[in-house]
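**Q** Each chain, letter by letter, is given below.
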Amino acid sequence: MADASPIGIFIAGVLTLGIFSFLYKDNPVYKVCEAIFIGVSAAYWAVEYFYSALYKKFWLGVIPPEGSGADPDMWLWGGAILGVLMLCRMIPKINWLSRWPLAFIVGATAGLYMMTFFVSNAMNQIASTMQPLIQDTFLATLGSFTVAIGTVTGLIYFFFSKEHKGIFGGAAKVGIWFLMVTFGASFGYTVMSRMSLLIGRLDFLFSSWATNFGQMF
Amino acid sequence: MSRLSRLSISRKTFLTSLLSLLVFAAYSAPLLAQDSDISVTDSTSAELEGAPAAPTNVLAVDHKYDIGEAVDVSWDLSFDDTAGMRNVAGYIIYRSVAGSAEFDSIGAVFSLTSSFADIGLTRGETYQYSVSSYTLSGQVSEPIVSAEVTTEREWFDWDEVWVFILLVLIGGSVMYFIYHARKGKQMFLRKIAGLQAVEEAIGRATEMGRPILFIPGIHDMDDVQTIAGMTILAKVAKQVAEYESRIFVPTRASLAMTAARETVREAYMTAGRVDAYRADDIYYVTDEQFGYVAAVNGIMTRDKPATCFYLGAFFAESLILAETGNSIGAIQIAGTAQPAQLPFFVAACDYTLIGEELFAASAYLSGEAKQLGSLKGQDVGKVIAMAAVLIGAVLATLGSEEGMNIETFRGAFHGIWSVFGGGQ
Amino acid sequence: MIQALFLSPVFSPLFSPLFSVVSHGLGPVFSWIFWILFVAGVGWVFWRTIKGREVERRVIFLMMGLTVAGAVLTGIVLPVQETVVVRNIFDTIENLEEGDKVLLSLDYDPSGAPELQPMAIAVSQHCLEKKLKICYMTLWGTGGAMIADVITAIRPDFPELVYGEDYCNVGYRAGNEAVLKVIATDFRKTFPTDVSGIVLDSLPMMTGVTACPDFSYIVAIGSGRPGIKEWVEYVVEPSGALMGSGAAAVSAPQLYPYYPQQMNGMMGGSKGASEYEKMLRRGYPKYGEFRAQATEIMGPQTVAHVFLMLLIIFANISFFLAKKRKGASA
Amino acid sequence: MKRTIPWIITIVTGFVLVIAEFVPPWGKMREDVLIYFQIISVFAFFLGGGSLLKINLQKVFSKRTDWEYALVTVVGFFVMLALGLFKLGNPEMATAGYAADLNANGSWFKNLFDAVKAPLSASMYSLLAFFIASASYRAFRAKNSDATVLLVSAFIILMGQTFVGVVATGWMPDWVSFFKVENLSLWLLAKANLAGQRAILIGIALGIVSMSLRVILGIERTHLSGGDE
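Chains as they are written, first to last, in the numbering used here: chain A, 1 to 217; chain B, 1001 to 1424; chain C, 2001 to 2330; chain D, 3001 to 3229.
Please note: incorrect hints may appear among the correct ones.
[Unchecked claim] Listing some non-contacts, in silico: residues in chain D with all C-beta distances to chain B over 10 Å:
1) Thr3004
2) Val3012
3) Val3079
4) Phe3131
5) Phe3163
6) Val3167
7) Asn3183
8) Ile3208
[Said to hold, decoys possible] In silico contact screen, one side only, chain C against chain A (beta carbon under 8 Å); selected entries:
9) Phe2061
10) Ala2069
11) Val2072
12) Leu2073
13) Ser2111
14) Ala2113
15) Pro2114
16) Ala2174
17) Ala2248
18) Val2250
19) Ala2252
20) Pro2253
21) Gly2269
22) Ser2270
23) Ala2304
24) Leu2308
Keep in mind the hints are simulated off the structure, nothing from the lab. C-beta: ideal position from N, C-alpha, C; glycine also.
With the hints as extra help, turn the sequences into a complete structure.
**A** What follows is the structure, encoded as structure tokens:
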């Protein structure tokens, strides 16, 4: 945003302060910011989707520009037909037709996700756990045992059809501790990320915005 | 930046690219000029003074497990393409359709590269390839010709056979338990606190005369977590309808809004209160992640829902939502399969469904024998996974002494395979 | 940056007594005021705690804001520890040869920028110092602006760069992971042209690039989905390309499982970025401290972390005091 | 009929896409479906955007509480929509026409993005810094064993993230160097955290397989039946 106009910077700063004011309590300034945000961003994405999906993907796909050498992709019409069916919702008589694209998407998502997650989450994660337990150093050995035990006990915690009692219950307890370590670690590691954002904002307010403010008046 | 300076930059970009185009054309002209007249029998190029040594051992094989549109060409590097020599700038790959002696150049790669994937071929056609090395000054070696290769289409990807077997095992056990779940026969299920609290939370909102807020995540219907959220929404909305309470469902995606309306309407109908259904309580806000969050924060502070559900895919907003919800004293039940966000929900919400529990929730809430049966199938999957982890680790430990390198799942399974006497 | 604040016509008279010290790093007067405020605030929270009263969240918000704002304004710089995970990326780039190509994917938006932009800039600078060729791309609609900002930031140091020869920008294509699936084997199918419509074949540096593995190194910098995880799944795993990554701190723990097999290094959050900057500075002394964006924010980071740790300690003290009181009364 | 056809569509699409993973000639379908989805969601925006406008305009015309803000939303929406659709002020329009880069520097769309959407987004995001503080204060208390483990793990990582941890445990002799914060936090992230992540990821995959099967088999179809027959 190095080359943003002074007015742009001024507005950006005011909006930033408006959002921060929510921390104290809900107030008219925040409400205005929220309203602008909703309107502008909804339209932003509408335009972005319009050009990237409808124009670039669909239109240029079925009617390739001359000289690009690409063949028209007739399959894309399928998407457009489903899209039009979606609009049938607005016509009460045939609004049940809009369930077809919905059914398509739900089925497709279920099928796609099932495979993607099965391969990337289950298979790959199991595979990466298959490391030699005995390593060169004591610490490395401890580490690989930790990973194997943590993975197995964690899975035991997720068991639905067996009561967490006795040895099984003990293992499940160890499992939930592993999950808690994971959560704690993620939380702690994330703090830095969140602080950076605030630091970024404050830096903007103190430098670009304040300078700009000074120049405007 | 003003419009004027922007224009001057684009002109500069244009000129630069034009210039570089010319340079490129001039540089590659000697190479391209030879394309048309290079044929197998033409060995004059080898006699060119200073022509580099040709690559050796040119192989062309049909690309495995594809639709018959690709051939993998590989070769051993030219002698002149080794450390110290390095006057080979790269390789040119030529192709001829079977029977024809006309080899057309189809691509070039840099030095020290010994393979090329030719894609976009015709299935069932026979091709022949040849490879030459070339130098920066434009000398091209004699082309070395490969054997003929015919592209084939395979109908099963044998690289994926282990995925297939495991999927059949786990999917099969889920289906087995779905269809063998007998009605009336009570299956044991451990308690999930978050789900037991659902009814109470809805009841509380009704007593307080305040609405319920349901966020089905911030992804669209192309995320299975959103679908999981919708299946839970169905159960929640039904109870809301029975209790004559009110539910708000703001969504970040238009499709999700449509699906949520269908879901809630159906739930109200099942509860026999279709007249109480208000489509406008389920609405699209904006596709912008934080715009959506700003709006939901506003809804929370103004409408003060007594119960908030966050079930679906969540990202950074998880904590903003949960902390704002906490500040208005709402009971909060969250669930997501985004590992990065679970810590925040665990910290800030009353109940959190962790990963798998989110997908099990609608089965739990429905109480139907078939749905619950699928959970038992999942447990079988867990047993398989645990066994694979343990056996795999043990095998890897035993194998590591012989220098067996187990890096991928397939590798591991081939390891098991070899232990049992197969393969190797 | 901070200098600018005090140079502005309105503020300079106000702050002129402070200006001279603040603008030269750690201004004694200003930072003393800040530290006194910080310690007083923490002390007050502590006092409330042992008195057995919960601290209201708005007080915590205010303290947090003051802490970070104070640390930003005083510009404290604190030491950074280097780690192997970041070192690996630096060494990989250091060991590439002149003319090798690097693909830099910036998959984030302005909200991820404070953490990730410094990484993109530092890696770009390093590549250009090594005379490597950079191709920028993004999977995020909002990433185009990020690329533009990075290029704007590095251009002044490398006035001799020629677009298309030394670097290029192929921009954004919609399709999320579908884009990755395709470019893993066929780069041009998705990116037939660069961002402004110039055919890729006419960019000299892109000759010979047909698929992702044709780049000697890929650095994916991202903050969400699609991002590093998708790069690993759809590009590295099928094609075996060599990749390093830069992740927002929030997603870094989830990505550790991919290190070191699928990606040979990772910069996690501002800390990772500041480590990279430190290595870059050591290797190329011309990058003085004033350019180190991530290092600059590590000071405020540390103060904020300390504050957070104090909060957690106070919370537990008050919890145990309450429990004890309850036990005594029961 | 009204119920059966959607159900068949779900079954067929679901199964075909599962099988497509193993059948190379069907592989392209998996990519096509993603494009289909994008096209459908553009059409769906007419419904979503329509609902947004309808609700806000109703508020404005009936002068309900906060109608002024609803008006702001509507105006903002149309302004941004017009700037974007017609690519107003876009310097590339002259040469490229409507194929111009939407976010070209200098276009009014990009300007509004920079001045309004980007800062709002970043500010909203940065609120997290405050909320993370209030959440830590409230949630990280050693109420029971689970909470204690959570608290300790978070605390160690927090220390490891800054030089504070290094200073705090720098006195330790080498034979207990494992317990130095920088080593401990790296171990937590690389081992214990990894184990927990894996258990969660494997569980999620199983949950998704099971739920997808329920959806594809039509046992779970509350989400698309709502109809009047």
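**Q** Identify every previously stated hint that the structure contradicts and give their numbers, smallest first.
**A** Violated hints (numbers, rising): 4, 8; every other hint is consistent with the structure.
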